[in-house]
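**Q** Here is how the chains run, residue by residue.
There are 2 protein chains.
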Amino acid sequence: MKEKLSYIGRSLPRKDALIKAVGAAQYADDREFAGLLHAAAVRSPRPRIKILSISDARARRLPGYVTLVTYRDIKGVNKWPVVMQDYPFLPEKEARFAGETVALVVAATARAARKAAALVEIKYRELPFVEDPLKALEKDAVKIFGDDNVISSFVIKKGSVDAALKKAAYTAEGEFSTNYQVHAYLETQGAIALPESDGGMTVHSTTQCPFYVLDAVAAALGIPYHKVKILQTVTGGGFGGKEDVPALVASHAALCAAKTGKPVKLIYGRKEDFQSMSKRHPGWARVAYAADKSGRITACRVNYVLDGGAYSTLSPIVLWRGTVHAAGPYKIANVDIKTYAAATNKVPCGAFRGFGQPQVCFAQESLIDELAEKVGMDPVQFRLKNLLEPGDRTVTGQKLNSSCGLKELVQTVRKRSGWDKKAKPRAAAGDVATGIGFSATYYGVGLGAKGRYLDRAGALVNIYKDSSVGVNVGNTEMGQGALTVLAQIAAETLNAPYESVKVEEVDSSKVPDSGPTVASRTTLMSGNAIIEAAAPLRERIFKTAFSLLSAAGADASKKMVAAGGIFSMGGKSVDFRKVVAECWFRRLKMSEQGWYAAPRTTFRMEDGQGDAYVIYSYSADAAEVEVDLKTGVAKVKKIWAAYDVGRIVNPRLAVGQAQGGILQGMSWALYENLIYKNGIMVNPNFTDYVIATTADKPEYDITFIEKPYAGGPYKAKGMGEVPLIGVAPAVANAIKNACGARVNSVPLLPEKIWKELKKVAAR
Amino acid sequence: MKEKLSYIGRSLPRKDALIKAVGAAQYADDREFAGLLHAAAVRSPRPRIKILSISDARARRLPGYVTLVTYRDIKGVNKWPVVMQDYPFLPEKEARFAGETVALVVAATARAARKAAALVEIKYRELPFVEDPLKALEKDAVKIFGDDNVISSFVIKKGSVDAALKKAAYTAEGEFSTNYQVHAYLETQGAIALPESDGGMTVHSTTQCPFYVLDAVAAALGIPYHKVKILQTVTGGGFGGKEDVPALVASHAALCAAKTGKPVKLIYGRKEDFQSMSKRHPGWARVAYAADKSGRITACRVNYVLDGGAYSTLSPIVLWRGTVHAAGPYKIANVDIKTYAAATNKVPCGAFRGFGQPQVCFAQESLIDELAEKVGMDPVQFRLKNLLEPGDRTVTGQKLNSSCGLKELVQTVRKRSGWDKKAKPRAAAGDVATGIGFSATYYGVGLGAKGRYLDRAGALVNIYKDSSVGVNVGNTEMGQGALTVLAQIAAETLNAPYESVKVEEVDSSKVPDSGPTVASRTTLMSGNAIIEAAAPLRERIFKTAFSLLSAAGADASKKMVAAGGIFSMGGKSVDFRKVVAECWFRRLKMSEQGWYAAPRTTFRMEDGQGDAYVIYSYSADAAEVEVDLKTGVAKVKKIWAAYDVGRIVNPRLAVGQAQGGILQGMSWALYENLIYKNGIMVNPNFTDYVIATTADKPEYDITFIEKPYAGGPYKAKGMGEVPLIGVAPAVANAIKNACGARVNSVPLLPEKIWKELKKVAAR
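Residue numbers (our numbering), protein chains in the order written: chain C, 8 to 770; chain A, 8 to 770.
Hints may contain errors.
One copy or any two copies: either way a pair holds, since identical chains are not told apart in the list.
[Stated by the list, open to error] Heads up, simulated EDC-like pairs for lysine to aspartate or glutamate below, C-alpha to C-alpha not over 16 angstroms straight-line: (1) Lys27 with Asp205; (2) Lys122 with Asp399; (3) Lys406 with Glu396; (4) Lys472 with Asp37; (5) Lys234 with Glu506; (6) Lys414 with Glu506; (7) Lys130 with Glu180; (8) Lys86 with Asp169; (9) Lys27 with Glu203; (10) Lys429 with Glu758; (11) Lys406 with Asp695; (12) Lys566 with Glu138.
These are calculated hints, taken from the structure and not from any lab test.
Could you put together the complete structure from these sequences and hints?
**A** See the structure below:
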């Protein structure tokens, strides 16, 4: 049977384009239900308090007020079931960060609920708190988590770094830090919980991870999973910010619904979303590299600390990914990586595109430039000498067998950016200095060894009698294009017309727990699950098509060709619709549940050796930057980027992912600056917290080098997070290249650049 | 591996008992939605009209009035897709029965909608109409369907009936008729349609057959199936009345929702439900039997006519079932059966428990008694001589290979009822004569040859991480206990605790088209589909249990025993919950879509020979009746019944089905009397249309003889319709036995009995 690809690799239109363009998409707050009540959170005003009492005496006088919900209303277990389970759904005695939900009020309208929340009185005693993660790890710090404030810690150890550093021809060492990043999704957190007649609960949730919501709601209510149904609403952006926290929001809505017996909607305002929802962890890293005379990197030491905030949530997993990737995508014989997530009395940090990598990547890729300078090599040449190639082993000892196009990416970006000419120091034009900077990164696709029990996904594929196809998966669309890419995979596998395939938003009762929609794993995991579900359907369809063509007199000695929804053989053809009708007539099974579990990993936590991830994606970035020497303001003019994310399913969407990732990375690198003072967030809004806008966007030059991954659906790997990771160090390196200022702290604010410029001038 | 049954054969509590007992069950009219509008039907006032115009000019002045919906609003095809497709969703030029929906109005409240419907003016011209089905078949009848008013017609021909009748020692012949039966479900028809943002439609429908609703809504709206989702609401009774017609009601709601862009609820009042929704077909049958000297039945001739009403709907299928079973469960060499469904300008008749069998069974089982009398044999003895046994062939030539307990049933009822003593004519006690009557019937389970393309079913079984089990099927609970029986089958197969299994009401997007919930096929079809889905899950669970027990040091030379949710081996045990947790830990696939297609049938429509159904259930009934000789009032004192419906999954529910079926059969036999005059239904309400109540219920004596069917789930066959079929002839035969009055017309009203008593007295 001859085959060619009909839909994979084509820029087919987004499945959700129309409803989003015309404003018909139903986000959480758009959904209305009869008898709906509204909830609002009562939040802790201080960084750490002992709760003495909570009173709704004043709120009760408010028209429309319904009730107060506290931890006493929890029929299940008061532990949000996420990794370490230290976060209560609602605190019983102590609240640990300013903005933490301590209770909820329910009222007839959202306005009344918000007013009532403001009228609830929390009596409390302030407790000593911790703000700085490095100080949190000091011996005499106030203890707020275990007996050392360490949420989590990992190591990677290989060879002898001390010895290598001692005998190194060149070393470079530095301390780097990065600040928070706010997800800045268009749609804030929200959920609607609807009590069912059997004591069950249906929850509409804007979420990346419906199964985390399922876990949490079942736990909070103390009811079996089969009585809980989670429906993902159209989700207005996630970026990791809708990984874990929607489960908390949804559980709060569910507790309110269970108490009142009515549907309850809980939608966050922007300020409370800033104050209480997860953020990219502030990071601190001390990195040291050693190289021999030839410029070969011989050792790397990393100490890496993340500011976990008041509860552990996803910090262990975020930290682990950062740990694995901390030394960069290089061949290094001697490695010593130690990492910590420290507890502080601030907002709990969690998942954010890049997931613990960007912070340490900023450090190590900045320092690679410093080391190259010491060695006396061009930073790209230096990287090319050391980069991982197929057959090499990563710092965890994992052998890269295939699908590693990193060197080609670097060469591509080098060539397309005109690196070899531009990298030489250029004279400033008046007050404006121009420079170019480089970075190279890798990214383990999927959850890897630390999340391996979750690295599986299901897919339910229904082919209806009219030949329309309904695909259900456990991973979500949140703007990234999953509905479209997964429809392409289904259409390709079934030889169904693309238009006839619909991928639904997630219903947790249709597909088994498919893990979270994170780690750039959706195309790989759900794509493979769809193929697994579709395979027997494909066989039935293809056999039926063959028999129809044979019966129509087609020359069966010719090969049957299936393309674009048409089956052809020996001059005859039949379309998908007719074939499906015949399958139904024959009473063939036209619905299948698929399942894909990622291959096993071998990573050992003791020494950080073994296969950490099944496969890696790669990126190379060059950033051209202008620095205003008078003000220190840096502006990114252009980014050249190349990616190996395996086969590209939809080029237009892939470019969109790349542009979005670059802009979000640049925004973090240059602008985003969330500030805490005395344990209180001082700029929880988009007036005082600045993000890049389209006015700031650089010119993009994006190239894909498609190194096929045999284990991926149509040889794809994963894409979503890859473009963000290398942006900040490329920009920092470009600033250094432009004006000699090495800024070790993200965001690369004008005042920081200006300060370094002063130092340069003083040298 | 040693096995014993834990849940099959046990009277476990109904899964829906609690929500129904406390009034929490959400029937269609209980469901509220934000922004809900309400629809009401505008109905034809006369039996047959040419529609000249429809005007809502007066309705428009009503507060809350929204819009009028006519056939012009149909974007799809104006043909309700059921069998012959002659029924338009809304009539364009001609309405064919009084009560037919000709248009719909939408308003803000149900009350306003009803008022508005009354204000809509239909201008029409009356057309000549047909009321009597026998007259409809006459040459000079007004033609309303094709050129002969024949909706459908079947034959069964075997041997030579003419010759056999000629040389018969005994013959009996008679003409019998039966009237309508109204389903009298507690919940009238209703649906709520909710427009989706992508142009799709979600419909909540009280229905036996969600996939018929899916077909219809997709057709009416002209949208692909994957944009339509049908959710079955808790269904307050069906009995066949929610087989086809909910699709029409739901399509009407969907048309209103599509036009207004708002959710629309359409709930029928009782009167309009009477007037327009399907009924049991009035039947007319002329039957002749011949027997030889020994009492062996040698021939049977049946002419059978059903009053189909104004549109064909399910009449062809109903008639076919009646045709197959028309000669009764006897060995007969010569058979000549001709059957017709005739069109009339009355309510279209459709499915009703028994599905075309009770009408003709009343005729032939009455006449068997007459023949026995002529032969001079006791009617039970006579039946025993002629009844089908394993190895025999039915009148269609189908060989009964196994699972045929009919003779045992007859012997059982004979013995338990004290037949041999009671059957002798008894002297009346004052004005009250007591008698006993008998009947024997068979019932082809499932859709059989005529519906074979629909005789398949799917099931989606999800085992959640907490070990709760969610089972989704395509067949419905409508009071008969499907949720319970199917949960028992799932629990048994998986060795899951019964309490942990939940069977959901149907969601058409979860399981493939599973055909209708009719023909007593749910246990068999959905049960088998569940087993098919559960089989690979069972294998994974059992293997995992074995490995856990082995790892715990259990002696693996002992057999593993799985019972009641516990796995035991060599003194160790582990429960389902732990085993499932381990399966999830191992990332095994814990969700499967199952599929079951019934074996092929070989029935030929040309001569009615071949295998008509895959398997048959059987019943025998004895009815003891008191007849008031002064008034002609008959009262059933006791029914002894025995059934072979294969393995009984839940004895208490089976008894419930039997009691309900007997009472409904008795009600039809004695009381129910829907009257048309000049094409208008005169008693569309429960004041004037009388049904049996609990006050009328006889004493029940119910026995099951479980002849295992190897092809059934845990060897079950089908039960739902069986108990109704033989009641009427047993009662009629008992009346004859009591007082000599042979009434050939159901209902067996006092005036008819009285009339026959007069004749008896006159003899």
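**Q** Take the hints in turn and mark each one as holding or not.
**A** Each hint tested on the structure:
1. With identical chains, the CA atoms of Lys27 and Asp205 are at most 16 angstroms apart between copies only, with a shortest distance of 10 angstroms across copies and 35 angstroms within one.
2. Neither within a single protomer nor between protomers do Lys122 and Asp399 lie at most 16 angstroms apart by alpha-carbon distance, with minima of 61 angstroms and 80 angstroms respectively.
3. Taking the shortest alpha-carbon separations for Lys406 and Glu396, only the intra-copy value of 10 angstroms comes in at or below 16 angstroms, while the best inter-copy value is 72 angstroms.
4. When the C-alpha separation of Lys472 and Asp37 is checked against a cutoff of 16 angstroms, the pair qualifies neither within a copy, at 32 angstroms, nor between copies, at 31 angstroms.
5. When the C-alpha separation of Lys234 and Glu506 is checked against a cutoff of 16 angstroms, the pair qualifies only between copies, where the shortest distance is 12 angstroms, while the shortest distance within a copy is 34 angstroms.
6. Proximity of Lys414 to Glu506 under the C-alpha cut-off of 16 angstroms is found in neither arrangement, the shortest distances being 38 angstroms within a copy and 58 angstroms between copies.
7. For a Cα distance limit of 16 angstroms, the shortest separation of Lys130 from Glu180 qualifies neither inside one copy, at 49 angstroms, nor across copies, at 93 angstroms.
8. Neither within a single protomer nor between protomers do Lys86 and Asp169 lie at most 16 angstroms apart by alpha-carbon distance, with minima of 43 angstroms and 83 angstroms respectively.
9. Taking the shortest alpha-carbon separations for Lys27 and Glu203, only the inter-copy value of 13 angstroms comes in at or below 16 angstroms, while the best intra-copy value is 30 angstroms.
10. For the identical chains of this complex, Lys429 and Glu758 are neighbours neither inside a copy (26 angstroms) nor across copies (109 angstroms), given an alpha-carbon limit of 16 angstroms.
11. With identical chains, the CA atoms of Lys406 and Asp695 are never at most 16 angstroms apart, being 46 angstroms at best within one copy and 85 angstroms at best between copies.
12. Proximity of Lys566 and Glu138 under a CA criterion of 16 angstroms is satisfied in neither setting, with 69 angstroms inside one chain copy and 60 angstroms between copies.
In the structure shown, a violation is registered for the earlier hints numbered 2, 4, 6, 7, 8, 10, 11, 12, in ascending order.
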